[in-house]
Structure formats: C-alpha cells, structure tokens
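Visitor: As a plain string of letters, each chain reads:
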Amino acid sequence: MANIIKIINGMPQVIDDNWIVISEVDAATQSPGTHHILPFSYWQKRDVYEVTIKPRALWISPDHDFEASVTQLHELDLIAVDFPSFRDGRGYSIAYLLRSRYGWKGELRAIGDVLRDQLNYMRRCGFDAFAIRSDKNIHDALKSFSRYSVQYQGAVDQPLPLFRRR
Amino acid sequence: MYQYDDYDASLVSERVEEFRDQVARRISGELTKEEFLPLRLQNGLYMQKHAYMLRVAVPYGVLSADQLRMLAHIARTYDRGYGHFTTRQNIQFNWIKLEDTPTILAELATVQMHAIQTSGNCVRNITTEQFAGVANDEVIDPRPLAELLRQWSTLNPEFAFLPRKFKIALSSSAQDRAAVRMHDVGIFLHQNAAGEKVLRVFAGGGLGRTPILSAQIREELPWQHMLSYVEAVLRVYNRYGRRDNKYKARIKILVKALGADVFAKEVEEEWAHLKDGPSTLTEVEYQRVAYFFEESRYNRGAGDEAIFQMQLAANTRFAQWVKRNTRAHKVVGYVSVTLSTKPGAAIPPGDVTAKQMEYVAEWSERFGLGEIRVAHEQNLILPDIAQADLYTLWQLACEAGLGTPNLGLLTDMIVCPGGDYCSLANARSLPIAQAIAERFEDLDFLFDLGDLSLNISGCINACGHHHMGNVGILGVDKDGEEWYQVTLGGAQGNHSALGKVIGPAFRAQEMPDVIERVVTTYCDLRVQDEAFVDTVARVGLAPFKVGIYGQPKAAA
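Chain order of the listed sequences is A and B. Heads up: the first sequence is residues 4 to 169, going by our numbering. Heads up: the second sequence is residues 33 to 588, going by our numbering.
Hints listed in this document are in silico derivations from the structure and should not be mistaken for laboratory results. Keep in mind that the hints are not guaranteed to be accurate.
[Unchecked claim] Residues on chain A that point at chain B, a partial pick, calculated with CB under 10 Å:
#, residue
1, Asp19
2, Pro65
3, Ser96
4, Leu100
5, Gln156
All C-beta atoms in this analysis are idealised placements derived from N, C-alpha and C, irrespective of residue type, glycine included.
Work out the full structure: start from the sequences and follow the hints.
Guide: So this is what it looks like as structure tokens:
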C-alpha cells in the first residue's frame with residue numbers, strides 16, 4: 004500500500020493510502036473500482052462506457068476543461084489534480100479555483116510530479132493531500148511544511164494578506 | 033527607503049534556510065540537476081559559462097549606503113572584486129561558488145536584501161524609474177506601490193511556476209523612464225480629474241524573439257485594486273499561456289493571440305470575483321509603506337549661485353557633466369546625479385568595482401541622504417545632491433572613474449554580458465561595445481551628436497534591449513560564426529518604438545565602421561539640432577541603408 008501526506012487537523016502526516024490513480028490509457032479498459040481515481044475525461048464519457056459503479060474520485064489534468072462540470076464534481080469523495088511536470092504551475096490555479104470559487108470541501112490531492120519543494124505552495128493553494136513522487140523520501144518531504152512562518156499575500160489557507168494582519 | 037519589520041526579516045531568513053537546505057540536497061545528489069534548476073533560478077542563481085552567477089534583487093532599483101557596502105563586500109569576498117548592474121535594476125556577481133551562496137544570502141539578509149525571484153518563471157524584480165520620488169515631473173511617488181507589489185509577488189504560491197518569466201514595471205512621471213511598455217505588465221500611476229490615484233494598466237509587452245509593445249487593458253483602475261487586478265492577469269496567464277514552446281510562452285503571445293480586447297475581457301471576468309476582496313489595498317497599509325519613502329531632510333540648500341556659475345564657467349568638462357549627468361529635482365537646490373559606469377573601452381558597461389561601490393556609498397551619505405539608485409541603463413544614481421556639492425562630487429567621481437559626462441550619448445551603451453559570460457548567448461557583446469567605445473573616444477564629438485542610445489544584445493533574448501535602442505545591435509549565430517544585425521529607430525519613453533532591421537548582418541570587426549557610417553549618415557541628414565531618432569523617423573531607413581551598405585547596384 005502506498006503512502007501519501009495528508010493534512011489532518013492542520014498537521015501534515017504520512018498515512019497509508021488505498022486509492023489507485025487510473026491513467027487515461029487504462030481507463031478505457033478498466034472498469035472503475037471502488038478506490039479508483041479516474042481521469043476526468045473518462046467520467047465525461049461515462050455513458051459510452053456504461054458505467055454501473057458511480058465514480059468516487061476523479062483526477063483533473065490542467066488540459067481538462069472541468070469548469071462546466073463543476074457542480075457534478077461535488078458528488079465525489081476526492082478530487083486529484085495532476086502535475087504533468089513539477090514545472091507546470093497550472094495545478095496551483097486549479098486548486099485555488101476549486102477551493103475558493105467552486106466551494107470544494109473534500110480531499111484535494113496533488114498527484115504526478117509532486118516534489119517536496121513545491122509542497123508549501125500547494126498547501127497554500129488548497130491541497131490537503133500529496134502523493135509524493137515514488138522515488139522520493141516521503142518522510143523527508145514533511146519538513147517542507149514548516150519552513151515559513153510568514154506569508155505576504157492571501158491564499159486559500161489564509162485569505163487575509165499580511166497587511167490586514169500586521 | 034522601505035525598512036523591514038519582523039515579518040519581512042523573518043521571511044527573508046526563512047528563505048535563506050530553505051535555500052541552504054536545497055543547496056545541501058543538490059550537493060548530496062538528493063536533488064537532480066533538473067529538479068534543482070527552477071529552485072536555484074528562483075534564488076537568482078544561474079549556471080553560466082564559467083561559474084555560477086548570482087543575481088541579487090534591488091527592488092525598484094533603490095539601495096541604501098549600507099546595502100551598497102554589503103554588495104562591495106560580496107564582490108570582494110566571493111567574486112573577483114566587482115559586480116555587474118543590469119537592465120533589471122539588479123546586480124549580478126559572475127564568479128560565485130555554489131557552496132558559498134547560502135552564506136552570501138545570509139549576509140545579504142543582514143542588510144535587508146535577498147535574491148528571491150530574480151530569475152525563473154515567476155514574477156521578477158519589480159522595476160520603476162531611477163528618479164522615483166525625486167523627479168520634478170512626477171505625479172505621485174511610485175515606490176510605495178512598487179513595494180506593495182514586491183511583497184505580494186514574493187513567494188506567491190500560485191505564481192511560482194508560470195509559463196515564463198514575468199516582469200512588471202511602474203511609472204508615474206510625465207516622461208516614462210522605466211520602459212513600461214516593454215514589460216509583461218506595465219502600470220502608469222497618475223491622478224485623475226477628481227484627484228484620485230488611478231492606474232492605467234498595460235499588458236503583453238516584451239522584447240526577445242517577438243518584440244511587442246504592450247496594449248492598454250485598463251484605464252483608471254483605482255490604486256486599491258492593484259493587487260487583485262494583477263492577480264487576475266496572472267491567473268489568466270497561468271492557466272492559458274502557452275507552455276509547449278518557450279519562445280511562445282510569454283504573456284505577449286497570449287495577448288496577441290486573443291487580441292488585447294478579449295484578453296482584457298478575460299481579466300475583467302476573473303477580476304470580478306476578486307474585486308473588493310481581502311487583497312484590496314487599504315489606506316492604512318499604503319500609509320505604512322509610504323511613510324518609509326517620505327523624506328524631509330532636504331536642508332542643505334542650494335548654496336551660492338554665483339560660486340556655482342563660476343565653477344561651471346571655469347571648467348568645461350564639469351559644465352558638460354552637469355548638463356548631461358544631472359537632472360532636475362523636486363526640491364529646489366537639489367539635483368539627481370547619474371554616475372556613468374561607462375568611462376570608455378576598458379570597462380564593460382554596468383561593471384562596478386568593490387572600491388567604487390564603497391566610494392558611491394560614502395558620497396551618498398556625505399552629499400545626499402544615504403540612498404543610491406540603479407538605472408535600467410546600468411548606471412548608478414545619487415538622487416539627492418545639493419547643487420553646492422556638485423563640484424566636489426564631480427572631482428571625486430572623476431578620480432574614481434565614475435565621472436564620465438556621457439549620459440544619453442552613444443557611449444552610454446546598454447550591453448548584456450553576452451557570450452563572454454552568458455551560456456544563452458550566440459555572440460559576444462562586450463568586445464563589440466569595447467571596439468565601438470574605442471572608436472568614439474572623442475567626447476566633444478559625442479556631445480555634438482547629442483542623444484543617441486546604442487543597445488547591444490548577445491542573443492535574441494534581448495537582455496541588452498537592442499530593440500529599444502536608437503541603434504540596436506543583435507548578435508546572431510550563423511554556421512558557428514558570430515554575426516551582428518543592426519536595427520534603427522528604436523526608442524524608449526513616451527514614444528516607445530521598436531527598431532527595424534536595416535539589412536544583412538555584419539562581422540564583429542566591421543562593427544565600429546558600421547556604427548561610424550550610421551553616425552556619418554545621420555550627420556549628413558540631420559536638420560540643425562535634430563535628434564538621431566527624429567532624423568530616422570523623418571527620412572526612414574532607406575538613406576541609412578545607402579549610407580551603410582552603399583548604393584544598391586543597378587539591375588544588370
């Protein structure tokens with residue numbers, strides 16, 4: 004069973020995880036299991052695949068146009084956002100929108116090329132779960148959450164900018 | 033100038049510790065080269081041809097005497113005794129060891145300096161003009177808003193991995209001296225008819241492979257909305273800017289592809305969700321920040337006008353220096369002095385030695401209010417000098433090699449480090465600048481030529497802003513050889529323009545002759561005191577092409 008970092012009561016912790024991310028390729032052949040995180044594109048085409056089990060989790064790629072379907076996303080247990088490369092920053096804006104504009108309250112998980120030096124930024128944009136890339140030490144990655152005591156600008160974790168709190 | 037409180041200081045020290053850890057992980061091999069790259073870039077650390085280069089932030093170009101002394105100390109201790117001031121109003125050190133950088137950053141932090149986001153695909157150093165707060169044609173001091181933008185952009189979690197670098201400039205003078213429209217976002221701060229501080233916002237400017245002047249996307253935005261509006265621009269760009277091709281990833285390509293109107297509409301729609309939210313600036317915060325920029329120590333007075341006139345009359349070079357290198361100040365009796373870092377062929381433009389930095393720091397305290405500015409033209413400015421002190425200052429500046437009266441003249445070149453240092457460059461820029469400076473050593477000839485900007489870039493990235501030079505030189509690579517393309521007619525300021533290529537490129541050794549032919553053609557064509565850029569505008573490129581390449585051959 005894989006590990007992820009999950010923020011529980013404000014504390015980042017390493018926990019066991021039994022969700023499995025289903026890739027775009029596999030999604031066409033695999034019927035959705037109860038712990039599958041399915042691609043958003045698969046879900047959009049669910050009539051085609053005659054899905055009998057309602058998906059509980061989806062992952063969004065930065066290329067997915069998820070905003071039109073945002074009300075249906077609220078039926079899910081978990082939304083994951085894929086980082087195709089750690090240098091692709093679109094996922095931060097997607098997380099911000101899901102949390103601030105679309106009211107997503109459930110688990111928001113960063114998947115893909117998730118590295119420790121991005122974790123604090125991701126958390127500030129609203130992620131509360133992090134599937135660290137499997138070749139990296141997940142326990143070392145925990146250290147990245149405690150680096151900063153000061154944030155100038157408002158974000159999801161603290162909408163008030165520092166100038167309203169000074 | 034702005035003074036850190038505990039929050040600002042903590043954030044910078046926390047950043048130093050984070051980077052110390054990142055460097056240690058790179059050295060141990062835990063971080064791959066590829067993973068370390070954006071991390072070090074966001075701390076201003078480049079791998080150049082010979083060594084690491086560290087770019088230190090000089091927010092909106094403002095330095096204190098102590099900060100400049102610290103830069104001198106770093107130049108001497110960790111580099112080869114000098115630093116290079118850049119078109120981003122920053123300073124670069126070219127010979128840095130990776131393992132020294134955490135210590136350098138810790139030392140910088142002691143004088144409220146850092147290297148955060150001086151590179152990388154994030155919001156870069158906020159720039160404004162070198163005379164901000166003291167210019168006599170200024171409507172409102174832009175520095176408080178520039179500082180507020182600096183804070184907002186610093187470690188902004190959403191915008192640390194943008195499609196490309198992102199540059200913001202702010203200006204509030206009658207004359208734009210900050211090249212505002214060649215920035216990703218450009219803001220003109222002014223006062224509207226009702227006396228309110230409002231912003232005119234431009235987006236989508238930039239040089240490089242596809243040079244574009246930005247388009248206006250907002251008229252009269254109340255200043256309180258500056259952060260939320262810029263946030264809206266960046267969110268639209270972060271989501272929809274191209275990431276498939278680094279040459280098409282700048283916001284200018286997105287603005288151009290959508291059209292400025294459509295882009296502005298997208299921004300307005302995004303901003304509608306943010307308007308009046310928590311990012312709306314407050315009067316209290318504005319006043320808190322503005323307080324640090326208020327200056328009431330102007331008390332040295334103009335001195336004896338008769339003595340000053342005598343000094344001018346007695347020394348032609350001094351009079352020329354006063355004419356070219358000083359500028360009217362908002363307080364009567366004071367002027368701003370530009371110390372040229374371009375004394376001639378021996379020194380690359382923008383290079384300043386540790387000793388010179390210490391002199392400048394000392395003069396800023398002895399004659400001014402302890403403040404120094406960096407200009408995007410790579411010169412240093414003492415913004416507040418009493419007229420009575422000019423003669424003494426000039427003598428000292430000349431002794432230190434900083435008194436050349438060539439501001440705005442052909443030898444006041446903007447030049448990137450080019451192929452001698454930069455690993456991106458296709459050609460060298462410094463030897464070209466040197467050869468041209470050797471050819472045009474005669475100051476009196478240069479005075480006669482008048483205002484003429486010459487900008488040189490060693491590659492298409494255009495760090496030397498060649499498109500904006502009246503004469504621009506771009507180094508290009510053809511089959512492994514260095515060639516130089518010439519553009520004419522570029523300009524910064526209120527009538528910003530992009531230069532046009534005149535024709536086939538030249539070899540390095542031809543360049544002094546080529547520039548001489550440009551100048552000779554201008555002298556032949558100009559009417560009375562017409563400036564170079566006006567002559568080009570009036571006659572077009574054709575006569576210059578003839579002057580430079582010779583008469584086109586008649587068809588056989």
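Visitor: Are there hints from earlier that the structure breaks, and if so, what are their numbers?
Guide: 1
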